[in-house]
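Generate coordinates for the entire structure from the input sequences, incorporating the hints supplied.
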Amino acid sequence: MAEPRSAAAFPWLLGLVLLGLMLSPLTRPPSQDSFPFSSYPMFAHGRKNAETAVDRAVAHLPDGSVAMLPPRALGTDEVLQAATTLGTAVRRGKRASARLCAQIAARVARDPAFAGATAVELLSERYDAIAYFAGDTAPLDKPTRRAHCKVPPP
Amino acid sequence: MTEGQAPKTMPEATGSPGPVPEGSFVRAARAIDRWYRPALPPERLAALRILVGAFSTVYLAIRTPQLFGLATLGGFRPTGLATLLSGPLPDAVVVAQPLVALALGVAFTLGLAYRVTGPAFALALVWVLTYRNSFGMIFHTENLTVAHVLVLGCSRAADVWSLDARRAARRGRPAPAPSPAHGWPVRLLALVTVAAYLLAGLAKLRLSGLTWAASDLLRNYIAYDNLRKLLLADWYSPLGAWLVGHAWIFPPLAFASLLIELLAPLALVGPRVARVWSWLAWSFHAGVLAIMAIFFPYPLLGLAFAPLFEVEKLPLFRRLRRAR
Numbered sequence: 053m054a055e056p057r058s059a060a061a062f063p064w065l066l067g068l069v070l071l072g073l074m075l076s077p078l079t080r081p082p083s084q085d086s087f088p089f090s091s092y093p094m095f096a097h098g099r100k101n102a103e104t105a106v107d108r109a110v111a112h113l114p115d116g117s118v119a120m121l122p123p124r125a126l127g128t129d130e131v132l133q134a135a136t137t138l139g140t141a142v143r144r145g146k147r148a149s150a151r152l153c154a155q156i157a158a159r160v161a162r163d164p165a166f167a168g169a170t171a172v173e174l175l176s177e178r179y180d181a182i183a184y185f186a187g188d189t190a191p192l193d194k195p196t197r198r199a200h201c202k203v204p205p206p
Numbered sequence: 023m024t025e026g027q028a029p030k031t032m033p034e035a036t037g038s039p040g041p042v043p044e045g046s047f048v049r050a051a052r053a054i055d056r057w058y059r060p061a062l063p064p065e066r067l068a069a070l071r072i073l074v075g076a077f078s079t080v081y082l083a084i085r086t087p088q089l090f091g092l093a094t095l096g097g098f099r100p101t102g103l104a105t106l107l108s109g110p111l112p113d114a115v116v117v118a119q120p121l122v123a124l125a126l127g128v129a130f131t132l133g134l135a136y137r138v139t140g141p142a143f144a145l146a147l148v149w150v151l152t153y154r155n156s157f158g159m160i161f162h163t164e165n166l167t168v169a170h171v172l173v174l175g176c177s178r179a180a181d182v183w184s185l186d187a188r189r190a191a192r193r194g195r196p197a198p199a200p201s202p203a204h205g206w207p208v209r210l211l212a213l214v215t216v217a218a219y220l221l222a223g224l225a226k227l228r229l230s231g232l233t234w235a236a237s238d239l240l241r242n243y244i245a246y247d248n249l250r251k252l253l254l255a256d257w258y259s260p261l262g263a264w265l266v267g268h269a270w271i272f273p274p275l276a277f278a279s280l281l282i283e284l285l286a287p288l289a290l291v292g293p294r295v296a297r298v299w300s301w302l303a304w305s306f307h308a309g310v311l312a313i314m315a316i317f318f319p320y321p322l323l324g325l326a327f328a329p330l331f332e333v334e335k336l337p338l339f340r341r342l343r344r345a346r
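Quick note, the sequences are listed as chains A and B, same order. Just so we're aligned, residue 53 is where the first sequence starts under my numbering, counting upward by one. Just so we're aligned, residue 23 is where the second sequence starts under my numbering, counting upward by one.
Just so you know, not all the hints are guaranteed correct.
Some, not all, of what chain B presents toward chain A, calculated at C-beta under 8 angstroms [stated by the list, open to error]:
{"no.": "1", "residue": "Val117"}
{"no.": "2", "residue": "Cys176"}
{"no.": "3", "residue": "Leu253"}
Taking beta-carbon pairs under 8 angstroms as the criterion, some of the chain B residues facing chain A (in silico) [unchecked claim]:
{"no.": "4", "residue": "Arg137"}
{"no.": "5", "residue": "Val138"}
{"no.": "6", "residue": "Asn165"}
{"no.": "7", "residue": "Leu254"}
{"no.": "8", "residue": "Val266"}
Simulated from the structure, these hints should not be mistaken for lab results. Built from N, CA and C at the ideal position, the CB exists for glycine as well.
Put into structure tokens, the structure is as follows:
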């Protein structure tokens, strides 16, 4: 039995459009990413050394120790989202960093894992990641404090 | 028409003197069309709908608290369709959209009112995940799932093994036979999988050239990624942290990874090659999980590669096969 032309046209049309969209990142600069049609630039850039710049949040505890704050303190369960949120605030400057610091402090105040925490700090640090895992855990230079804020009472 | 049969140009039916000789272009076009639109059993497409639909719905359900949290996250940097927005959505919409997508996902998976819920879920998933990816971080674990749901949503994936099919059977409609309408979506799903891996390989070549595989680049990335996670108090891979002390391991690992991505199109050649490539690609993701603590659930559960196989024969679908 002859097949109507439209029966063949739709699959081809959809296929060509979808594959065209998927391959369209090849016509853009390779580092320009999008969703859902990605150029998949993750881990593709030339990384000549293991120097690692990290923006992070820490909490000061009553015993004087410092605790690293996990992604949930930044309102996400995704570590990369947390890193992006910190990086964006730091790039935007003092006011944005202070605002984020206050938001984190408010979450820390409600988090029993950090009970009694007195202050939150946003820090920028640089490490040599390979040296770090070989035992040399000191940052490459003095950490830069981006924001400091008190933890409100729970 | 069954797989392998070409639609005939029938001169005898029109009374013309004989068959018109086909040019090589036409023959090639017909061969490509036969490959792209094979007559496959509707159960295979339905099985893919159930697997991909269930995964996407559960994924959304697990992510729902985080999707709600986008209302307070800040740092809105729209991508894809979200660039149409002038700013973040109101809180109520941020909360409502994953719930709507979840409801559509359940209907999609069960094959309920599929002509509407199929495309609707595909669009909802694209939108919800595009919005989630609009806060400065693109999650490359989600692209392939979304593309697969788009294909399935535009196909007749609920002709069998669905609530729609059950209702149609009660009304006396006969079970559908294998047809190209059930074949092309399966082929397109496979093409989409292959394209995604190929693109990832090409991105490495475009951004770093062969240096990507021949230098310390992968080692540096693994060290950097694990340290970043450790300092942000998240899961990292102690194995990866230990391995970065052994530089010689990384060029062969990088070369193998690049090869797996660039050779992805070979998976379309036939089932044997597809099996070998799928195992290699799966192992690649298992390796990424082991040494970078990055979990790609879609390929690790085998779903990325499912369109390359006769998934309807999985033991998982035994009850549905018997009920036919």
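Practice task
Under 8 angstroms, Cβ to Cβ, is where valine 266/B needs to be relative to chain A, so tell me if that hint holds or is violated.
Solution key: Since the shortest Cβ distance to chain A is 5 angstroms, the answer is holds.
Practice task
Go through the hint on valine 138/B and say holds or violated, using the shortest Cβ distance to chain A against 8 angstroms.
Solution key: With a minimum Cβ separation of about 17 angstroms from chain A (threshold 8 angstroms), the hint on valine 138/B is violated.
Practice task
Double-check asparagine 165/B for me: the hint is only fine if its C-beta lies closer than 8 angstroms to a C-beta in chain A.
Solution key: holds (5 angstroms)
Handout entry: Residue hint cysteine 176/B, partner chain A, criterion CB-CB below 8 angstroms
Key = Interface hint status for cysteine 176/B: holds (6 angstroms vs cutoff 8 angstroms).
Practice task
Would you check whether arginine 137/B satisfies its interface hint, that is, whether its CB is within less than 8 angstroms of any CB in chain A?
Solution key: At about 14 angstroms, which exceeds the 8 angstroms cut-off, the nearest Cβ of chain A leaves the hint on arginine 137/B violated.
Practice task
Under 8 angstroms, Cβ to Cβ, is where leucine 254/B needs to be relative to chain A, so tell me if that hint holds or is violated.
Solution key: Holds, because the Cβ-Cβ distance from leucine 254/B to chain A comes to roughly 5 angstroms (cut-off 8 angstroms).
Handout entry: Restraint satisfaction for valine 117/B [CB to CB of chain A, less than 8 angstroms]
Key = The hint is violated - valine 117/B has no Cβ within 8 angstroms of chain A, the shortest such distance being about 15 angstroms.
Handout entry: leucine 253/B as an interface hint toward chain A, with CB separation required under 8 angstroms
Key = holds (5 angstroms)
When the structure is compared with the earlier hints, violations turn up for hints 1, 4, 5 and for no others.
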